[in-house]
Amino acid sequence: LPLLLRRRMTESISLRELDGISVDRLQGVGEQRRASLAQVEIHSVFDLLTHYPRRYIDRSHEAKLVDVDPGQQVMIVGDIEKVSSRRTRNRKSIVEASLSDETGSLKLVFFNQSWRSKQLDQGLTVALFGKVELYRDQLQMTNPLVDLVGDRTGRIVSIYPQSGKAGLTTWDIGRWSTEALRRCQSRRIIDPLPEKYLEELGLLGRMDAFEAIHQPNSMSDVLEARDRLVLDELLRVQLVLRMRKMRRLNQASGVKHQVDSALLTKFVEGLPFALTGAQQKTMSEISVDLKSEQPMHRLLQGDVGSGKTLVAMYALLIAVTEGHQGALMAPTEVLAEQHYLNLAELAKGLEVEDQSTLTGARPISVKLLTNRVTGSDRRRVVQGMEEGSVDLVIGTHALIQEGIRFSSLSVVVVDEQHRFGVEQRSVLRERGRDDGKWPHLLVMTATPIPRTAAMTVYGDLDVSTLNELPPGRTPISTKWISEDAESVWGHVHSEVAEGRQAYVVCPLIEESDNLHASSAETTYLELVSGVLSDLRVGLLHGRLNGAEKQETMEAFRDGRLDVLVATTVIEVGVDVPNATTMVILSADRFGIAQLHQLRGRVGRGTHKSSCFLITVDQISEDAKERLAALEDSNDGFALAERDLELRGEGTIFEQRQSGTNDLKLASLARDRVWVERARDLAEELVDDRGSLEGHRLYEDEVIWFVERRDDDAENLLRS
Numbered sequence: 006l007p008l009l010l011r012r013r014m015t016e017s018i019s020l021r022e023l024d025g026i027s028v029d030r031l032q033g034v035g036e037q038r039r040a041s042l043a044q045v046e047i048h049s050v051f052d053l054l055t056h057y058p059r060r061y062i063d064r065s066h067e068a069k070l071v072d073v074d075p076g077q078q079v080m081i082v083g084d085i086e087k088v089s090s091r092r093t094r095n096r097k098s099i100v101e102a103s104l105s106d107e108t109g110s111l112k113l114v115f116f117n118q119s120w121r122s123k124q125l126d127q128g129l130t131v132a133l134f135g136k137v138e139l140y141r142d143q144l145q146m147t148n149p150l151v152d153l154v155g156d157r158t159g160r161i162v163s164i165y166p167q168s169g170k171a172g173l174t175t176w177d178i179g180r181w182s183t184e185a186l187r188r189c190q191s192r193r194i195i196d197p198l199p200e201k202y203l204e205e206l207g208l209l210g211r212m213d214a215f216e217a218i219h220q221p222n223s224m225s226d227v228l229e230a231r232d233r234l235v236l237d238e239l240l241r242v243q244l245v246l247r248m249r250k251m252r253r254l255n256q257a258s259g260v261k262h263q264v265d266s267a268l269l270t271k272f273v274e275g276l277p278f279a280l281t282g283a284q285q286k287t288m289s290e291i292s293v294d295l296k297s298e299q300p301m302h303r304l305l306q307g308d309v310g311s312g313k314t315l316v317a318m319y320a321l322l323i324a325v326t327e328g329h330q331g332a333l334m335a336p337t338e339v340l341a342e343q344h345y346l347n348l349a350e351l352a353k354g355l356e357v358e359d360q361s362t363l364t365g366a367r368p369i370s371v372k373l374l375t376n377r378v379t380g381s382d383r384r385r386v387v388q389g390m391e392e393g394s395v396d397l398v399i400g401t402h403a404l405i406q407e408g409i410r411f412s413s414l415s416v417v418v419v420d421e422q423h424r425f426g427v428e429q430r431s432v433l434r435e436r437g438r439d440d441g442k443w444p445h446l447l448v449m450t451a452t453p454i455p456r457t458a459a460m461t462v463y464g465d466l467d468v469s470t471l472n473e474l475p476p477g478r479t480p481i482s483t484k485w486i487s488e489d490a491e492s493v494w495g496h497v498h499s500e501v502a503e504g505r506q507a508y509v510v511c512p513l514i515e516e517s518d519n520l521h522a523s524s525a526e527t528t529y530l531e532l533v534s535g536v537l538s539d540l541r542v543g544l545l546h547g548r549l550n551g552a553e554k555q556e557t558m559e560a561f562r563d564g565r566l567d568v569l570v571a572t573t574v575i576e577v578g579v580d581v582p583n584a585t586t587m588v589i590l591s592a593d594r595f596g597i598a599q600l601h602q603l604r605g606r607v608g609r610g611t612h613k614s615s616c617f618l619i620t621v622d623q624i625s626e627d628a629k630e631r632l633a634a635l636e637d638s639n640d641g642f643a644l645a646e647r648d649l650e651l652r653g654e655g656t657i658f659e660q661r662q663s664g665t666n667d668l669k670l671a672s673l674a675r676d677r678v679w680v681e682r683a684r685d686l687a688e689e690l691v692d693d694r695g696s697l698e699g700h701r702l703y704e705d706e707v708i709w710f711v712e713r714r715d716d717d718a719e720n721l722l723r724s
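So in the working numbering the end of the sequence shown lands on 724, straight run, no missing numbers.
One should not assume that every hint holds.
Capping the alpha-carbon separation at 30 Å, the derived lysine-lysine pairs in DSSO-like fashion look like this [unchecked claim]:
#  : residue 1 : residue 2
1  : 112       : 97
2  : 87        : 97
3  : 629       : 669
4  : 123       : 97
5  : 286       : 296
6  : 271       : 286
7  : 87        : 112
8  : 250       : 201
9  : 296       : 271
10 : 629       : 136
11 : 372       : 296
12 : 353       : 554
13 : 69        : 112
14 : 136       : 97
15 : 296       : 97
16 : 286       : 353
17 : 271       : 250
To be clear, the hints were calculated from the coordinates, so they are not data collected in a lab.
Could you put the whole structure together from the sequences, leaning on the hints where they help?
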C-alpha cells in the first residue's frame, strides 16, 4: 500500500482528480468562503483553475498623475484616500472619491452607481480606466472603469470576474489560484495531448498554459496559454461528438430503402413549381442515406421559407413507399397542426399499395396526434399507428407518451431539434420497431447556424443546407423605426384594404413594471380601441388554452381576422401566405435570430411584404447593431454569423443539451481556426469503432467530462 501511495503521489494529476478536490482544501477557504465560491459555481480546484481572468492590467502602460494631460484616455493605478456619497434633489446618487499615486491626486465621480461607496474603501489600491478632465482646476474622472488590484505586484496583473454579492474580490481568486498551481507543481497536471501534436500546433503544455494564464509575465504569455486551453475545451466537445458518431456508424443498423418509385416520381412531378437546386441536392443526399443500412443522422438547416417541409415530405414518402411509416415531431401544437395541414395537402392524390382493397391501392393516410386529439379520434389514430394503416403521423411529445407504438417506423423527422433530447429520440427508436433497427433521423432547424457552431453543436450529424428561396418568394422589406409609428399603422390599413393581413408581435403577455416593453394584452386593447378600431383584430399568446389558440389561428388563416396581435408563439412554422406585414414592437428586446424568424412569417406568398421594427428612442448600442443588421440583410446565414459575433455562442448552446459551461474560454466567433483544428484532431484520435484506444488519458478525460454534466456517459457516447 505505501508503494502504491508513493506511485500515486508521483503520477501527474488529472483534471478528474482536480475536480474531486474541494476548494476548502486551500488555505483561507473555510465554510463561509466555500459557500461564497459555490455561488459563482466554484466547487473544486478544477473549477477554480478554469475561472479565468476576464482581463489583464499591463502595469508597464500605467500613467503617473503628474504626466497626465486633460482629454487623455489613460490607466491610473493608485490608492483611494476618501469616499463620500449623496443624493440629488431628484433622488439620483452621486459617489465622489479621491485617489492618489506618488505623484499627485485625482477626483473620481460616479453617477447612479451608489454601490461604489461600499466598493471603494479607504486605502484600497485600484486601477482606473477612463478619460481625465479638468474640472474647477482639478483633474477628474467621471464614471471610469474600476478594477481592484490589491497589493499584487508584477508587470501583468490578472483581473478576475468579481462578485460583490458573494463577497469575492479579484485578489481572493488570484491568491487561491496561485496556491492551487503551486501545490500542483510537484506532480504537474496531466497532458493527454501527444508531443507531436504540441509541436505541430505550436502549443504550450497544459501545466504551463494554466500557469501562464493565471500568472503571466507578458501579454504574449496570455495569448499562448489561451490557445492551448481553448483547444482543450473544443477538443473535449469534438471527441464526444466523434466517438458518438463512430459508435453509431459501427453498431447501429437501420432499414434499407428503395428510393426509386412511382410514388416519389408522381410526388415531384405533381408539384406546381420547380425545386431549387439546394432542394434537389438535399433530396439526393437523403436518398443516399436511406439506401444504406446505416441509419441516417442528418441535420437539415434552411433559412426561413427555403422549403424544408417539402424535403421532409420527400424523406417520409421514401419510408411509406415500401410499407413502412414516417413520423414528424414538432415542439408545439400550433407547429404540429401547421405541419399536418401542409403534409396532408402535399399527400393529396398519392397512393400506396394495399392488397386488401379492390384496386390494390389506397390514399396515403396522414394523421395528427397531439394532446388535443382525444377520445375515439385518438384511439383510432393510435390503433392505426400500431397496425400500420396510418402511414404518416405528425405530432408533439404525444408521439412518445406511454402506450404509443408503431408497426414499422423507418423515418423520423424532428423539427426544431433543440427542444428534443437524446432520451426522447431513443424512446422513438424503442417503440418504433420490434426488430432492433434504428429509424433514420432527419433533424430540421429553421435557425441558420454558423459553420463553426454547427461543427461544435451538431458535430455528430451530417449537415444539409437549403440556402435558396423557392421561385415566387419575394424579399421582405425591413425598416427600423424609433418614431412616427403612425405611418406603420397607416401601412397596415392600406394592406388590409388590399385584402391582405398583418401580424403585430410583442415580447410580453402582460404589462410589466420591470420592463418597458409592449405587452400583447395591453397592445391588443389599445389597438382595438384606437388606431385599428375599424379592423378585425385577434389575440394569440401562450397562456390561451389549446382550443382558443386553434380557433384564433384558424380565424386568421381563413381570413376572418385582419390583424393578429401575438407573442413569439408565432415565431416558428405559422404559414399564412396572405399575411404581408409584420410589426414587431419593442424590437430591441429580441435577438437577431428571433427577429429573423418572426420576419419570416410574412413574405410567404407572391405579394410584396414588409417588416417594421419599432423601438423607443433610447436603446443600447448592441440593440442598434442588431436592428441595423436586419435592415441590411435578408440572408439568415449571414445574420447568424453576425449574431455570433455580437452575442457569442450562448444563444446557440442554450438550444442544445450541452451548456455554455462546456466553453468557458473558447469563443466560436473568435476561435474559428481552433474549432477546425479540434475537429481534425478528433478525427485522428478516435478510431473507426468510436474508441480512444491508444489514447487512454483522453478516454478517461472524455468520460469524466461527460459524467460531470450529469449525463449517463455510456448513453451519451452511444446516442
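The hints, checked one at a time:
| no. | hint | verdict |
| --- | --- | --- |
| 1 | 112 <-> 97 | 19 Å, holds |
| 2 | 87 <-> 97 | 21 Å, holds |
| 3 | 629 <-> 669 | 27 Å, holds |
| 4 | 123 <-> 97 | 17 Å, holds |
| 5 | 286 <-> 296 | 16 Å, holds |
| 6 | 271 <-> 286 | 19 Å, holds |
| 7 | 87 <-> 112 | 10 Å, holds |
| 8 | 250 <-> 201 | 26 Å, holds |
| 9 | 296 <-> 271 | 20 Å, holds |
| 10 | 629 <-> 136 | 25 Å, holds |
| 11 | 372 <-> 296 | 26 Å, holds |
| 12 | 353 <-> 554 | 26 Å, holds |
| 13 | 69 <-> 112 | 14 Å, holds |
| 14 | 136 <-> 97 | 22 Å, holds |
| 15 | 296 <-> 97 | 70 Å, violated |
| 16 | 286 <-> 353 | 25 Å, holds |
| 17 | 271 <-> 250 | 35 Å, violated |
The structure does not agree with the numbered hints 15, 17 stated previously, though it agrees with the rest.
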